[in-house]
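J.: Residue strings, one per chain:
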Amino acid sequence: MSASNKNVPASRKRGPKGDTGYTWDDTIAAIGKDYSGGKVLVADETIDESSLARYCEVFEFGNPIFWDDEIAQRAGYRAQVAPWASIKDTFSYGGSWRPGEPTRYPLDMEIDARGANAVRVPTEGEPPMPPVTTTFFTDMTIEFFEPVCKGDNISVMGRRLASVSPKTTSVGEGAFISFASEYFNQRGELVARATQGSYTYNPKKKD
Amino acid sequence: MAIKYSIPQQVYWDDVNEGDEIPSVDFNLTIQRMVIAAGGNRNFSPLHHNTRIGKAAGAGDMFLQNGSCLMLWERVVSDWCGIYARVKKVTFRITDFHNAGEKIHVGGKIARKYQEDGLNLVDLKMQSDTPRKVGMTGTVVLALPTRSNLTGTPRWNAKGVAC
Chain A
1 MSASNKNVPA SRKRGPKGDT GYTWDDTIAA IGKDYSGGKV LVADETIDES SLARYCEVFE
61 FGNPIFWDDE IAQRAGYRAQ VAPWASIKDT FSYGGSWRPG EPTRYPLDME IDARGANAVR
121 VPTEGEPPMP PVTTTFFTDM TIEFFEPVCK GDNISVMGRR LASVSPKTTS VGEGAFISFA
181 SEYFNQRGEL VARATQGSYT YNPKKKD
Chain B
1 MAIKYSIPQQ VYWDDVNEGD EIPSVDFNLT IQRMVIAAGG NRNFSPLHHN TRIGKAAGAG
61 DMFLQNGSCL MLWERVVSDW CGIYARVKKV TFRITDFHNA GEKIHVGGKI ARKYQEDGLN
121 LVDLKMQSDT PRKVGMTGTV VLALPTRSNL TGTPRWNAKG VAC
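Chains A and B supply the protein sequences, listed in that same order.
Terminal number for the first sequence in our numbering: 207, no gaps in between.
Terminal number for the second sequence in our numbering: 163, no gaps in between.
Quick caveat, the hints were computed from the structure, so don't treat them as lab data.
Every value quoted in this text rests on a predicted model; they were computed, and no experiment measured them.
Wrong hints could be hidden among the right ones.
Said to hold, decoys possible - Taking CB as the label site, the calculated pair distances span:
no., chain 1, residue 1, chain 2, residue 2, range
1, A, P16, B, D117, 35 to 45 Å
2, A, E60, B, N17, 23 to 33 Å
3, B, G152, A, N202, 50 to 60 Å
4, B, P23, A, Y22, 48 to 58 Å
Quick reminder that beta carbons are idealized off the backbone N, C-alpha and C, glycines included.
Produce the entire structure from the sequences given, and follow the hints as far as they go.
T.: So this is what it looks like as structure tokens:
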């Protein structure tokens with residue numbers, strides 16, 4: 001695995017982390033540990049006909065199992081099917097504001113600023129690692145199990161450190177790191193398992 | 001009750017071969033479409049709906065989020081496979097921005113045809129092309145029905161074994 005972009009734009013980078021007391025060997029030793037804090041994220045919506053329509057219409061998904069209960073049932077599903085690309089992020093979304101919370105958009109917020117949004121994976125803490133300043137997404141693997149259909153409500157559990165590969169690349173020194181999470185429906189059935197990879201590194205100093 | 005949508009032609013494992021290409025789709029990423037995508041998939045990062053932010057971050061414009069890039073693959077695969085096929089696994093890597101104002105070409109090819117854990121599978125090697133270069137690559141593992149069970153949508157348990 002290697003970083004494919006020589007100049008990683010700021011848009012894809014996340015902030016600094018790590019401690020001088022650790023090396024990548026410490027990170028490798030933490031493989032298998034869970035950094036979710038035991039929290040369970042429950043999506044704030046039950047999948048319904050209109051949310052499926054809003055999802056499918058933008059890129060014009062025409063397969064009728066996404067649109068019609070009878071056809072989906074003919075194909076062996078409980079009801080209209082949620083597209084598999086929607087499971088990891090869309091129908092696990094926890095919402096961004098609830099009554100009683102402060103506004104996400106204070107009056108002094110600038111036009112291009114970003115209001116806080118819900119996290120999509122339960123997170124508490126990070127694995128031990130040397131100091132690094134930047135992270136960007138590299139790859140993802142999603143396995144699918146029980147189909148997700150209209151009427152389902154998704155929960156996300158776990159943030160298990162799945163792999164660590166220290167590597168120096170064209171953009172800097174760091175490690176490829178991946179975390180795995182699992183997705184369940186309201187009956188506790190496993191619907192998906194996603195492993196998301198990133199490159200966590202210190203950018204090369206420019207000459 | 002009358003069925004409102006026509007049922008597309010079904011792809012069967014018996015009929016496909018390694019090397020077969022699946023029909024491709026070209027996507028026009030207008031700004032309106034980017035906004036509808038953000039609303040539809042609940043990803044509200046300004047990178048994906050704000051040109052200024054996208055450009056300031058190094059992209060050519062606002063650009064598609066990772067999950068939205070994957071939606072393009074789902075469109076191509078689900079257009080082709082019929083109602084009785086199911087995706088078992090997907091792996092992907094993004095290698096270029098899918099910017100607003102660009103046309104993205106998405107296609108795939110059957111790289112492998114095999115049977116495993118009681119399932120009849122094909123590995124679709126997928127690729128998205130931006131105007132500049134290959135934008136996304138990876139594999140969709142698809143479980144197909146066979147002609148001995150025409151309407152048998154494949155099912156598997158939490159260990160990935162047919163049930």
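J.: Take the hints in turn and mark each one as holding or not.
T.: Hint check results:
1. Between P16 of chain A and D117 of chain B the beta carbons are some 43 Å apart, a value that agrees with the proposed interval 35 to 45 Å.
2. A C-beta distance of roughly 28 Å is found between E60 of chain A and N17 of chain B, which places it inside the suggested range of 23 to 33 Å.
3. Between G152 of chain B and N202 of chain A the Cβ separation comes to about 53 Å, which falls inside the hinted range of 50 to 60 Å.
4. Checked against the given bound of 48 to 58 Å, the beta carbons of P23 of chain B and Y22 of chain A, roughly 50 Å apart, stay inside it.
In this structure, none of the earlier numbered hints is contradicted; all agree with it.
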